[in-house]
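Visitor: Each chain, written out:
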Amino acid sequence: MALSLVQPEFEIERDLSKCISCQVCVRQCSSGVHEYDKESGVIYSDGAKCVGCHRCESMCPTGALKIKEIKSQFMANHNWTGEHLRNIYRQADSGRVILTGMGCDKPYTIYWDRILFNASQVTNPSIDPLREPMEIKTFIGRKPDNLEFEVKGSSKNKAVRLKTKLYPQMELSTPIMFSAMSYGSISLNACSALAAAASESGTYYNTGEGGWHKDLYKYARNTIVQVASGRYGVDVDYLNRGAAVEIKIGQGAKPGIGGHLPGGKVSGDISDTRMIPEGTDAISPAPHHDIYSIEDLSQLVHALKVATNWSRPVGVKVAAVHNIAPIASGIVRAGADFIAIDGLRGGTGAAPQVIRDNVGIPVELAIASVDRRLREEKIRHKASIIAGGSIRSSGDVVKAIALGADAVYIGTAALVALGCHLCQKCYTGKCNWGIATQDPSLTRRLNPETGSRRLTNLLNSWSLEIKEMLGGAGINAIESLRGNREHLRGVGLTDRELKILGIKHAGEAW
Amino acid sequence: MSLFYRNKKEFPKFKIPSGCAVFGVIDESGKRFSGEIAMEGISVMHDRSNGLGGGFAAYGIYPQFDNNTVFHIIYDDIEAKRQTEDEIAENFDILLKEEIPTRKISKIKGPPLIFRYFLELKDDSLFYEDDDVSYNRIDKDRGTKEEDIIADFVMRVNGNIGGAYIISSGKNMGIFKGVGYPEDIGMFFKLDEYSGYLWTSHGRFPTNSVGWWGGAHPLGILDWSVVHNGEISSYGTNRRFVSGYGYECTLSTDTEVIACLFDLIVRKQKIDIGMIHWILSPPFWEEIENMTDENKKILKALRMFYGGALLNGPFSIIAGNTNYMYALNDRIKLRPLVAARKDSYLFISSEEAPIRKVCSSPDVIWRPDGGEPVIGKIRKIKKKSGSKKNNRGGYYGNEIKKLENSGSLVN
Numbered sequence: 001m002a003l004s005l006v007q008p009e010f011e012i013e014r015d016l017s018k019c020i021s022c023q024v025c026v027r028q029c030s031s032g033v034h035e036y037d038k039e040s041g042v043i044y045s046d047g048a049k050c051v052g053c054h055r056c057e058s059m060c061p062t063g064a065l066k067i068k069e070i071k072s073q074f075m076a077n078h079n080w081t082g083e084h085l086r087n088i089y090r091q092a093d094s095g096r097v098i099l100t101g102m103g104c105d106k107p108y109t110i111y112w113d114r115i116l117f118n119a120s121q122v123t124n125p126s127i128d129p130l131r132e133p134m135e136i137k138t139f140i141g142r143k144p145d146n147l148e149f150e151v152k153g154s155s156k157n158k159a160v161r162l163k164t165k166l167y168p169q170m171e172l173s174t175p176i177m178f179s180a181m182s183y184g185s186i187s188l189n190a191c192s193a194l195a196a197a198a199s200e201s202g203t204y205y206n207t208g209e210g211g212w213h214k215d216l217y218k219y220a221r222n223t224i225v226q227v228a229s230g231r232y233g234v235d236v237d238y239l240n241r242g243a244a245v246e247i248k249i250g251q252g253a254k255p256g257i258g259g260h261l262p263g264g265k266v267s268g269d270i271s272d273t274r275m276i277p278e279g280t281d282a283i284s285p286a287p288h289h290d291i292y293s294i295e296d297l298s299q300l301v302h303a304l305k306v307a308t309n310w311s312r313p314v315g316v317k318v319a320a321v322h323n324i325a326p327i328a329s330g331i332v333r334a335g336a337d338f339i340a341i342d343g344l345r346g347g348t349g350a351a352p353q354v355i356r357d358n359v360g361i362p363v364e365l366a367i368a369s370v371d372r373r374l375r376e377e378k379i380r381h382k383a384s385i386i387a388g389g390s391i392r393s394s395g396d397v398v399k400a401i402a403l404g405a406d407a408v409y410i411g412t413a414a415l416v417a418l419g420c421h422l423c424q425k426c427y428t429g430k431c432n433w434g435i436a437t438q439d440p441s442l443t444r445r446l447n448p449e450t451g452s453r454r455l456t457n458l459l460n461s462w463s464l465e466i467k468e469m470l471g472g473a474g475i476n477a478i479e480s481l482r483g484n485r486e487h488l489r490g491v492g493l494t495d496r497e498l499k500i501l502g503i504k505h506a507g508e509a510w
Numbered sequence: 511m512s513l514f515y516r517n518k519k520e521f522p523k524f525k526i527p528s529g530c531a532v533f534g535v536i537d538e539s540g541k542r543f544s545g546e547i548a549m550e551g552i553s554v555m556h557d558r559s560n561g562l563g564g565g566f567a568a569y570g571i572y573p574q575f576d577n578n579t580v581f582h583i584i585y586d587d588i589e590a591k592r593q594t595e596d597e598i599a600e601n602f603d604i605l606l607k608e609e610i611p612t613r614k615i616s617k618i619k620g621p622p623l624i625f626r627y628f629l630e631l632k633d634d635s636l637f638y639e640d641d642d643v644s645y646n647r648i649d650k651d652r653g654t655k656e657e658d659i660i661a662d663f664v665m666r667v668n669g670n671i672g673g674a675y676i677i678s679s680g681k682n683m684g685i686f687k688g689v690g691y692p693e694d695i696g697m698f699f700k701l702d703e704y705s706g707y708l709w710t711s712h713g714r715f716p717t718n719s720v721g722w723w724g725g726a727h728p729l730g731i732l733d734w735s736v737v738h739n740g741e742i743s744s745y746g747t748n749r750r751f752v753s754g755y756g757y758e759c760t761l762s763t764d765t766e767v768i769a770c771l772f773d774l775i776v777r778k779q780k781i782d783i784g785m786i787h788w789i790l791s792p793p794f795w796e797e798i799e800n801m802t803d804e805n806k807k808i809l810k811a812l813r814m815f816y817g818g819a820l821l822n823g824p825f826s827i828i829a830g831n832t833n834y835m836y837a838l839n840d841r842i843k844l845r846p847l848v849a850a851r852k853d854s855y856l857f858i859s860s861e862e863a864p865i866r867k868v869c870s871s872p873d874v875i876w877r878p879d880g881g882e883p884v885i886g887k888i889r890k891i892k893k894k895s896g897s898k899k900n901n902r903g904g905y906y907g908n909e910i911k912k913l914e915n916s917g918s919l920v921n
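So the sequence lines, in the order shown, correspond to chains A and B. Note that the first sequence covers residues 1 to 510 in our numbering. Note that the second sequence covers residues 511 to 921 in our numbering.
The set of hints was computed from the structure by calculation and includes no laboratory data. Glycine included, C-beta positions come from ideal geometry on N, C-alpha and C. You can take every hint at face value.
Okay, the calculated bits of chain B under chain A, using three or more residues with CB under 8 angstroms as the criterion:
(1) 738-745
(2) 782-789
(3) 802-813
(4) 822-831
(5) 841-849
30 angstroms max Cα-Cα, derived DSS-like pairs, lysine-lysine:
(6) B:810 with A:382
(7) B:541 with B:780
(8) A:152 with B:655
Distance windows between CB atoms, simulated:
(9) B:807 with A:83: 48 to 58 angstroms
(10) A:157 with B:669: 42 to 52 angstroms
(11) A:71 with B:669: 55 to 65 angstroms
(12) B:807 with A:218: 25 to 35 angstroms
Could you build all of it, start to finish, from the sequences and the hints given here?
Guide: Quick look at the structure:
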């Protein structure tokens, strides 16, 4: 076969003066980049196989390796970039759809980076979170239309009783949850780390659509169970064991697209968890085959509430698409207790690149328009909004909440805490960091306890940072940040963008 | 509908944070007394304001019209007045319309036109059934209660008619305010000649230097009036919360949203006044953890439901209402507030000195904690013979006598 026109994206620089030929790199690389030649005692590296995960570089005991992205392999061209050429060469070779992993990496405007948060000066004092209470407890779920109390007794000695029946809620000690990542798309060790960290931090993780492994039942109080189009692992016990139910309609990385876990990965454990025969392809259809309209969604929401005896919040996850505001309104009216909105840059284990990079809208705009729409229709209290789709820092969390979200989902950020280097090759199943793989020799690289500690640390640091930002703005409860767009200012945004976001431009005072 | 087309001329499109002094006094027995006490009290805190705003809310001052809505309206010009009066005439029977009497004093410069109207809502007010697009804000579920219609009218005039601001819209009460030191504003409006059973007052120190008449405190909606020292850092959240119930904050000050919150929570949602502090300035979760199970349940429900009503940031407020004077601090008491009682009088002030000035030997004087409300309540509701609908205050016939009886509370 002729040499492929696809040229390597990476080159491996090995400093021979440092290399001791210990072969760590050889053993670490699941892509087979490094090869030890016994006869010459030299390690050869083939950059063409490299995915850029930096595992060997991180593990090399002498620091002899550098992975470098090859920049200048094509003639510079703003229109026909190297990526386009490479993709066309590949497709001309294969005739297939190009797959990718993680979230959209194209330079669409990242609104988080165009929004600035406020702080107190003089007219109101900032609050020091180390000295004063700073509250970030958050509730997710439907709120009643009003509260009624029964007040008895004299004014001096009043007995008050709550008459209104409240809807089931998720109670979060920090407004950050781990978004849906299925067992199958990630390893059981990664799932365990997420579950344990959610439990430790008083928040929630989400099973994703791959069922719920029995080893993780002990984290039931912190588990959101997902019902997706494939219905893998879903039965009445699954629904009732969890703390909340999420119907997955779509995800930001691939709106309108289903999923496919190849039969080769459906090993004993995964087949048990997904409740499908070993070795069969696990195909999640693009739509739910029982949801072709909003009325159908309403029926499923209702069915799930009945199945859980009205004791669990039932929410709906959708990808942020153009008509997200009316869609969200419909979802709330269909009875959902929360809406998870996954933005354009949300991650995935596998998606067609063309979908990931070209479909959907940034979550910042989606939050703003959904929050506004629900308020205009006076149904905002009926459902909480969870925003996901590339929350990269506590700053993004604060901005999301100020735009109107109740809490955020993090997926990619959590995986990065577990070691992910964003090489975007999750779909190969060869994740060198033991995350997006089922190969036992790779998954054992990720120790669930270490992973859980790292995730707990991440949530801790973000929570502390959120408190610092709240305190700086003179606010001591996160509910006073929610929808408080007065505390946001845009930089370098057009009038229309500002209008959609509902914020003023930097420099405009109130 | 003819109107509401002019652009706002001098209406600031920004919110003005405020510093300030607050002072309030109520006679819980419902007896009326002269505004001099409030003027004297607030004048002691001259240095807390900077001359860019002062004002008073007085309850029980219009006994002769005590069952009629009274609008106090500030006009920037005749055109605003004409438009507003057209609107009023279309929806209300006007029992009396007059310029609010003022003393011409050198310290108050360039006052706008200030009128008051004693009104009765017409039975066929167009607000009941008008389906014009611009009236869509009145939803069916809000009902057609008189108060709702009036509140909506006020918000629409303030929001839509350039240069007209209805600053007061309750019954048997009025808000008097303007640009100047509060004691001068009091003199200007001849408040020494009015008598009421509840007075609140405010001296303003806006951090943005624009002082305008409509932006001075108190801010009110229907019977509620609020004076406020501080800044509401949760303003954006609060405004969105009340907007969900049809309240439009039109005056660009954070205090207005507090008045809306009181009206919403107490009048419309019928939450007991004794629970309001659990909403506006609720206990911390760690305190809630130590409460009884029932209270824990209540607080959790309140904080969950009313998260958007929590007032965050430094504040001390005095809210006035036909039946109550209600004072509250933020949760961590970032603004001063002192309260005192003498006989049936309750005093509330930013500082102690003003209380001592008008009442040298109070029975008790204390500093309420953050989030701890001080509530003055009219205890006796006097029945009036001859009046069917009246609920508060004395007779007009007793006016002179009342005036004589009021006056200094010293000693």
